[in-house]
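Chain by chain, the residues run as shown.
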Amino acid sequence: MEFLENYLYYIASFGLIFIGLYIMLVKKNLIKIIIGLSIIDTGVNILLISIGYLKEGTVPIFSRDNLLPSRMVDPVPQALVLTAIVIGVAILALALTLTIVLYRHYGTLNVGKIRNLKW
Amino acid sequence: MRKLISLILILIIAAAVFFSLREIPFGTTRSRVREYYLDNGIKQTGAANIVTSVVVNYRGFDTLGEVTVLFLASIGLSAVLYGKKEEKKRKRRESSLILYTGCRFLFPLILLFGAYIFIHGHLTPGGGFQGGAVIASGFLLTMLGCWGWEGINRNRFKITESISGLVFVIVGLLGLLYGGYFLFNFLPKGIPNQLLSAGIIPIVYVAIGFKVGSEIAGIIDDMVRCG
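Chains A and B, in that order, give the protein sequences. If you're matching positions, the first sequence starts at 755 in the working numbering and goes up one per residue. If you're matching positions, the second sequence starts at 1268 in the working numbering and goes up one per residue.
Treat the hints with caution; some may be incorrect.
[Said to hold, decoys possible] Here are the simulated DSS-like pairs of lysine-lysine, each with C-alpha atoms no more than 27 angstroms apart in a straight line:
| no. | chain 1 | residue 1 | chain 2 | residue 2 |
| --- | --- | --- | --- | --- |
| 1 | A | Lys867 | A | Lys782 |
| 2 | B | Lys1310 | A | Lys809 |
| 3 | B | Lys1270 | A | Lys782 |
| 4 | A | Lys786 | B | Lys1270 |
| 5 | A | Lys867 | B | Lys1270 |
| 6 | B | Lys1310 | B | Lys1456 |
| 7 | A | Lys867 | A | Lys786 |
| 8 | A | Lys867 | A | Lys781 |
| 9 | A | Lys781 | B | Lys1270 |
[What the hints assert, rightly or not] Covered, in the sense of this in silico footprint (three residues per stretch, anywhere, with C-beta under 8 angstroms from a C-beta of chain A), are these stretches of chain B:
| no. | stretch |
| --- | --- |
| 10 | 1298 to 1312 |
| 11 | 1450 to 1458 |
Derived from the structure by calculation, the hints contain no laboratory data. Since this is a predicted model, take the numbers as computed values, not measurements. The beta-carbon is built from N, C-alpha and C at its ideal position, and this holds for glycine as well.
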């Protein structure tokens, strides 16, 4: 039980990262590969946030007077993740656009058939 | 065979990660920079929300780089989509009266909520990136729901985006002029937890909100028109 309490967020984030990695390595449909990329993105964001967490910590906002700085969670990973989410959306849109162009050019979404790529 | 190789590869990475993360239990953050930001942030920047002061003030240059990444992604997207084919006229069904009226009713409210999020970025959870995403979701609603309504001009997205990016850079350069380094907080800090406080942080965050909102709305617009 204590193991779960200590490592649950790490297990969840790395579970998502490995699921996404498996999808990207095994699947051949380009749309599915992009879905895997997006799942990895989510996993990395959860990992960064959970590394900065402090047990029973509060949000790093001084909205009242009696809040102690030593009880607040780490603001740096949160600042990085909030930009990373928006960047992730833009990268996802760019990847989907390239997929649209590939489909127009080759008429298929299968990676194996595009340029006879073998993996 | 491919699946087996991938599984073995992932298991190797998982074992490596397990042995390294076992040393860092959950909920015991030990970073020094966290203590510095939490102890001095409200005195040095005047913003009650420390995340905002990290994003805009301590790491403002980094944020400028990330906004540039977003800009490059949107430019690349339009360059790829408008490469050869002209924009196709797709057959669109007019939306029903309920959908049309509902979208037009909700659209200004969503814009107002997004503006609230990024104007209050230095006081409450939220900020330019989140507010911009909310505003872009409002534009997505009109593009999906109001097929008959062609009220959005694409060039206006580009103009808004350029002006807000320029505001960010000009505020940074004014800091260079007055204080000696880029993005120096040269305006008076004010009293924390008031709307007009924290110097340049609200200005920069409003600029980021406009930039992110118009950029993501432009991306959605490109994909809806040409996808």
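Results for each hint:
Proposed proximity of Lys867/A and Lys782/A is supported: the alpha carbons are some 9 angstroms apart, at most 27 angstroms. Of the pairs offered as hints, the one joining Lys1310/B and Lys809/A holds, with about 26 angstroms between alpha carbons and a cut-off of 27 angstroms not exceeded. Between Lys1270/B and Lys782/A, the direct Cα distance comes to roughly 12 angstroms. Compliance with the 27 angstroms bound is thereby established for this hinted pair. Of the supplied pair hints, the one linking Lys786/A and Lys1270/B holds, its CA atoms being roughly 15 angstroms apart against a limit of 27 angstroms.
Pair hint Lys867/A plus Lys1270/B holds up; C-alpha atoms about 19 angstroms apart against a cutoff of 27 angstroms. This hinted pair checks out: Lys1310/B and Lys1456/B have alpha carbons roughly 9 angstroms apart, not beyond 27 angstroms. At roughly 15 angstroms between alpha-carbon atoms, Lys867/A and Lys786/A fall within 27 angstroms of each other, so this suggested pair holds. Proposed proximity of Lys867/A and Lys781/A is supported: the alpha carbons are some 13 angstroms apart, at most 27 angstroms.
Restraint check: the Cα-Cα separation between Lys781/A and Lys1270/B comes to about 9 angstroms, which is no more than 27 angstroms; the hinted pair holds. Given as covered by chain A, the stretch 1298 to 1312 of chain B passes the check, having 9 residues with a CB less than 8 angstroms from a CB of that chain where 3 are the minimum. Coverage of a stretch by a chain is defined here by at least three residues with a beta carbon nearer than 8 angstroms to that chain's beta carbons; for the stretch 1450 to 1458 of chain B and chain A the count is 0, and the condition is violated.
Violated hint: 11 only; the structure is consistent with all others.
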